[in-house]
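Protein chains: 2
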Amino acid sequence: MSKVNELKERLFDVNALNAATAVLDWDHQCYMPDGGNAARAEHGSRLSRMAHEMFVSEETQRTLSEAAKEANGDSEEAAFVRVVQRQMAISTKLPAEFVARKVKRSTEAHEIWVKARKENNFAHFAPALAEMMDLAREEAEYLGYIDHPYDALTDQYEEGATKKSWEAMFDSVRQPLVDLVREINESPNQPDNSFLTGKWEQEDQRKFTEMLVQAIGFDFERGRQDIAAHPFCTNFSVGDVRLTTRYEDYLGSAIFGSLHEAGHGMYEQGSPMEWDRTALAGGVSLGVHESQSRLWENIVGRSRPFWQHFLPQLQGTFPALSNVNLDHFYRGINKVEPTFIRVEADEVTYNLHIMVRFELECALVSGELKVADLPEAWNEKYNSYLGITPTSDSVGCLQDVHWSAALIGYFPTYSKGNLLSYQIWNALQKDIPNTDELMAKGHFKPILDWLIDKIYRHGSRYQPEVLMEMATGERMNPEHYLKGIRAKYAGVYSL
Amino acid sequence: MSKVNELKERLFDVNALNAATAVLDWDHQCYMPDGGNAARAEHGSRLSRMAHEMFVSEETQRTLSEAAKEANGDSEEAAFVRVVQRQMAISTKLPAEFVARKVKRSTEAHEIWVKARKENNFAHFAPALAEMMDLAREEAEYLGYIDHPYDALTDQYEEGATKKSWEAMFDSVRQPLVDLVREINESPNQPDNSFLTGKWEQEDQRKFTEMLVQAIGFDFERGRQDIAAHPFCTNFSVGDVRLTTRYEDYLGSAIFGSLHEAGHGMYEQGSPMEWDRTALAGGVSLGVHESQSRLWENIVGRSRPFWQHFLPQLQGTFPALSNVNLDHFYRGINKVEPTFIRVEADEVTYNLHIMVRFELECALVSGELKVADLPEAWNEKYNSYLGITPTSDSVGCLQDVHWSAALIGYFPTYSKGNLLSYQIWNALQKDIPNTDELMAKGHFKPILDWLIDKIYRHGSRYQPEVLMEMATGERMNPEHYLKGIRAKYAGVYSL
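Protein chains in written order, with the working numbering: chain A, 1 to 495; chain B, 1 to 495.
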């Protein structure tokens, strides 16, 4: 057996443990009764520890070194070895005891956060949040960094990213976005989206969203959709991808939530089957992943031609919408409005929500901001970027799951995804100029096929920036996003 | 740390792997899309191998020996050590290579069986079945036995059971059952159960069965119910017990299937929380487990007072049943009829189905019966015990999953469960003479509390026969069952 294959075989065991952990998480969020909490936390943390120990074992490290000598050039094997080496460099720096403790503490913090948010009680969550920040600092010390502990944390989610690189990204869009939001707010042509709020049958929402994501190309032979309080996408293999969505009074939650998760899901389903259970399968980074969820949710799913095709079906399922014409509908689903909740934000204000979080988590990690002062700092930033002040912590600094789950340095990847989505769409339109026509006919296959060819089928083989250059001819360039939303919202608001 | 605690700590990792495997199986049967099959089989077999390796590792064995010296008398610790020793004695006798091969081959055999049953093609399954029997013989040789290879196999499912002990059990009920079935068949007072077949809304079936199992005491804070093609009960911890049921044209499938699985489920939920994730938690043997599923399904769930309470609610949910009166309903759900399919059998003929399987699997294991001759032998036994001849192998010797899953020696535990259920109920009635009155009021707590006190809270602490003596004052005694069904069916059929 070649050393690369020996490495693969060893890592198949690690993959089995990680896939099992993912199934436990999915079940936890979709089905598990409350009584399962304590044991599930134990099981999850033990499996994570075992996977970590097995991954960083001397035997695996030795096999990896040997495989590295064997794999050369830009072969598939070499890419596989490079991805594993990167994971190994991170993992060997983290003590097994720390990994298990992080899983355990964050699972507990999550439960505390759920209660705190429900009861709008920041003080209840504060000690757990402080502990999460301690863990983040401890983790950064293990991982090492040059400029800022945040660099060590965020690099795990987006290879090569640093506090500085994120700042540069946000600097390039901050003012144009704040200006655009002001212009939009001052426009006399405000769309109405009240028609999207009502009492919609859960079963109708399920059927419609499943029809929708299947129509754009999500394969239900190799995946399914369930309900979760906080929608997410996970997968246990290339052939088993799980979407989640939620059914609320605001019909957009289900529709755009499903399209968003399906974007993630189709990216995962697009990996070559022969890479299944290896480090090469699956999306290359959180930023590129988010570019796909946002592309399908916003650029495709909030376009006029998309609804030219689907509005009649939507009205068939929900007769209360019969009197909403296409223009009214299109403008309604693209209403820009500064609101408190990130996950409900439109695509113009969305990045402002992320900036708030990015700036605050940098300050929390460095200790410049004390946990006790978070609610005030949060509200101030909302006031300054979005012109609104949250009416409670539940719709303020308690709204997101991330910090309670020890995910620090994760938020900026959402913004990167937004920016990349327009860049990728522009490149796609050079090869497929008639996207509007195709979408209006409900013909999404050429679009999906282009994305599979340029992005999905490459899995994690190329580094994110390399992949973007291959797919779009350039590294991340925020201009595409700024021009794209400028053009779109000039239309929606007659600017 | 004491050696017993050190042993517990080591086994918590094994427990995490086994719990994860159980979640993977549950998801496989309830939700997984077909595309997940290949990777799920890999993940499951790798986790099983890891659990086995960790369990039989030198370190675990050494810790177990040391713990055995420490734990003494009839303490909880000593019981824990005894249960682990028994598992260890079995596991260390089986080579890891054999365990992996058995999992792999039986997974393949299962797929072949699914196809063979669907296509009524015994010849397609025969080579796989022959291989399962070879594996069974090989396993028996590893495990060791005095009289018959079957002894080694069946002991794994029911501690202390042997071919001879099962024969003695069946000898004591065979003739009385055959006679009772004949008498019942000849009775002019045949009940009608046609009212249970119709088109019933799935959602109504879900609501009604969930109400029912909650009413008898299944705790939905620590469990849930899902749909599976072949209903089962599994659990991932004492606080997380999963029932499954199915919704069919025959309403009894859902109702009695749910009650049956809830019996298993309440037994699991009744283990002390402080034993969670240890070898002491959970039902002590398959036979005792089945006694609980059958007690709740048949003795409680097919009793007249039970339906005196629930029939009005059933009629409220399913108005098509409005005209069925209590007597008609009670007799209908207790109709005795020799049929081909074990899982649909009534409680009188059920044990005859098991005898057929027991006798045939003993002969297959010993080689007295050749696989090629199984269909004929099967049909002959059905004719002799039940007076009917299967019209095809799909409803004959291909109907059960067990042999394809390498579960040889498992069937007799079902009969033991049936027999014990009446024995336990008789003991319960000595302490609670007014069970009929309680059930007619929908008051199941005293019944459940008695079962928790006498059986459930003891988990696996005592050997099955010891537990039965403690709970009922005697070892297994088939007379209770024979008297019980005689009395019940004399009433139903006016014998």
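Please keep in mind that the hints were generated in silico from the structure rather than gathered at the bench. Treat the hints with caution; some may be incorrect.
Intra- or inter-copy, both count: the list cannot distinguish identical chains.
[Claimed, not checked] Below, simulated BS3-like cross-link-like pairs (lysine-lysine); rule was C-alpha separation at most 30 Å, straight line:
no. : residue 1 : residue 2
1   : K207      : K430
2   : K102      : K3
3   : K3        : K104
4   : K115      : K441
5   : K3        : K441
6   : K104      : K199
7   : K488      : K445
8   : K430      : K115
9   : K93       : K115
10  : K445      : K104
Cross-check of the supplied hints:
1. K207 <-> K430: neither (34 Å within a copy, 54 Å between copies)
2. K102 <-> K3: Classified as between; 27 Å across copies, 33 Å inside a copy.
3. K3 <-> K104: between (35 Å within a copy, 25 Å between copies)
4. K115 <-> K441: neither (46 Å within a copy, 38 Å between copies)
5. K3 <-> K441: Cα proximity of K3 and K441: none, with 50 Å in one copy and 70 Å across.
6. K104 <-> K199: For K104 and K199, the Cα distance exceeds 30 Å both inside one copy (39 Å) and across copies (48 Å).
7. K488 <-> K445: within (24 Å within a copy, 64 Å between copies)
8. K430 <-> K115: Answer is neither; intra-copy 49 Å and inter-copy 47 Å both fail.
9. K93 <-> K115: neither (33 Å within a copy, 49 Å between copies)
10. K445 <-> K104: neither (43 Å within a copy, 36 Å between copies)
In this structure, the earlier hints numbered 1, 4, 5, 6, 8, 9 and 10 are contradicted, and the remaining ones agree with it.
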